[in-house]
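Residue numbers (the UniProt record's numbering): 1 to 474.
Treat the hints with care, since some could be wrong.
Here are the in silico distance ranges between beta carbons for each label pair [unchecked claim]: (1) A196 to A410: 43 to 53 Å; (2) Q234 to N80: 43 to 53 Å; (3) V146 to N80: 37 to 47 Å; (4) D27 to H255: 24 to 34 Å.
Hints in this document: simulated from the structure, not taken from any laboratory.
What you are looking at is a predicted structure, and each value in this text was computed from that prediction instead of being measured.
Glycine included, every Cβ here is placed at the ideal spot set by N, Cα and C.
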Amino acid sequence: MAKPAIYWIRNDLRLSDNRALAAALEDGRAVVPVYIREDNGNGPLGAAQAWWLERSLEKLASRYDELGAPLVLRSGDPLNVLRAMIEESEAEAVFWNRRYSTEGIRADKAVKAALGEDGITVRSFAGQILHEPSNFKTKSGGPYKVYTPFWKAFSADQHVPDPIDAPKSLEGVAKKIKSEKLKDWKLYEARPDWAAGFSDIWQPGEDGAIARLNHFVADVVQDYAAKRDRPDRQATSMLSPHLALGEISPATIWHRINGTQSISAENRKKFLQELVWRDFCHHLLFHAPDLAEKNWNGRFDDFAWKDDEEAFAAWTRGETGYPIVDAGMRQLWREGYMHNRVRMIAASFLIKDLMIDWRHGEKWFRDTLVDADPASNAANWQWVAGSGADAAPFFRIFNPVLQGEKFDPAGDYVRAYVPELKDMPKKHIHAPFDAPDDVLSQAGVTLGETYPKPLVDHKAARKRALSAFEAIKE
1 MAKPAIYWIR
11 NDLRLSDNRA
21 LAAALEDGRA
31 VVPVYIREDN
41 GNGPLGAAQA
51 WWLERSLEKL
61 ASRYDELGAP
71 LVLRSGDPLN
81 VLRAMIEESE
91 AEAVFWNRRY
101 STEGIRADKA
111 VKAALGEDGI
121 TVRSFAGQIL
131 HEPSNFKTKS
141 GGPYKVYTPF
151 WKAFSADQHV
161 PDPIDAPKSL
171 EGVAKKIKSE
181 KLKDWKLYEA
191 RPDWAAGFSD
201 IWQPGEDGAI
211 ARLNHFVADV
221 VQDYAAKRDR
231 PDRQATSMLS
241 PHLALGEISP
251 ATIWHRINGT
261 QSISAENRKK
271 FLQELVWRDF
281 CHHLLFHAPD
291 LAEKNWNGRF
301 DDFAWKDDEE
311 AFAAWTRGET
321 GYPIVDAGMR
331 QLWREGYMHN
341 RVRMIAASFL
351 IKDLMIDWRH
361 GEKWFRDTLV
371 DADPASNAAN
381 WQWVAGSGAD
391 AAPFFRIFNP
401 VLQGEKFDPA
411 GDYVRAYVPE
421 LKDMPKKHIH
431 APFDAPDDVL
441 SQAGVTLGET
451 YPKPLVDHKA
461 ARKRALSAFE
471 AIKE
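Can you build the whole structure from these sequences, using the hints too?
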């Protein structure tokens, strides 16, 4: 019988469709699953995602206990930890699923090389995205920089491996391997505890991911194409946090959507395009490892950003005076999540109305989103800024009032997160600063007291932003 194998868990907190785990079990091997709390590799976790990780690991540990191979928790440099565990368990191989963050790729290459020199077999597997970032190249051999051709190339290929089942049992090693205690890690210690309400909304873990997918297929996807941009409707999958930490594989989602005949062609295509957009973001990060720090379009290096700490703080608190922006920022703080359409509106406001560098917003989202993903977060912020690949042109500046009226027409989303405006009539809820005094009075709103006055006049701010853009066009 083959000697034991170590399965190194990272952003793949699941048992089903787990190719590294399945390979580690080949030839009847005993397996030692380990999660290493590391300073490198994934980079520092944001507070919201740390809350999620703590609960997801707790549930994953229970699953491994049930299957017969206890999950080992260790802290430290991954190479040192793995070498110690190889000696303790007498393992001859290490398996992992590949990760695609800049830090992760760099760290994994170093660990693989070092263990190889030790005579240890190292095998890595795909599974965190639908296709490896290097798989798709343009006819000239370079990376794709525009999404539509990337989608067409993806659609022409269409080969996504079938998901594999979770193991029904595991064989652990006979010797007890020392493990740290999850509670001692204190992954989430934010004060004040702004994640207190997360548990009412989210169910971290693989079971929660499957439940969310089942709900989406049964009750939501039929309205996806028509209503996915409506924050006042529950018309999105809400699967992004589960994907971010690998509690469900994108292949599982892909095949479930494609295999459900009741889903219309329009809804199927629209949703799968969003899933493949995630792959496109990883494709960009793979070819531009500094995507979160450096403008893809170097012209923006000379853009005249404003250093306005007070305005930035007001934006983070949801006190900009523009209700749709404020509702989104408060949803983010309360739930660790923001509807995608509102993310674009809030990002546009920070970048183009306040003229604050997109990197400040990217860092804030990274810390406060439960679905923070290094590729998607950076690519999407650069998309809004106009500095990224396949970016929206800078002159596309969202009008927060018109956006609110179009996508939250009755004001239900705003009322849910900005309760001081709950009695404002539909006609004025997205622009209370333009409402007559008697309307404000009847709604109990006093601008500058119960609800802030606008930080900027959008029309004037738009002109200022376009003027700054003109200065870097040539």
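Consistency of the hints with the structure:
no.	hint	verdict
1	A196 to A410: 43 to 53 Å	violated, 29 Å
2	Q234 to N80: 43 to 53 Å	holds, 46 Å
3	V146 to N80: 37 to 47 Å	holds, 43 Å
4	D27 to H255: 24 to 34 Å	holds, 28 Å
Hint compliance for this structure: hint 1 alone is broken.
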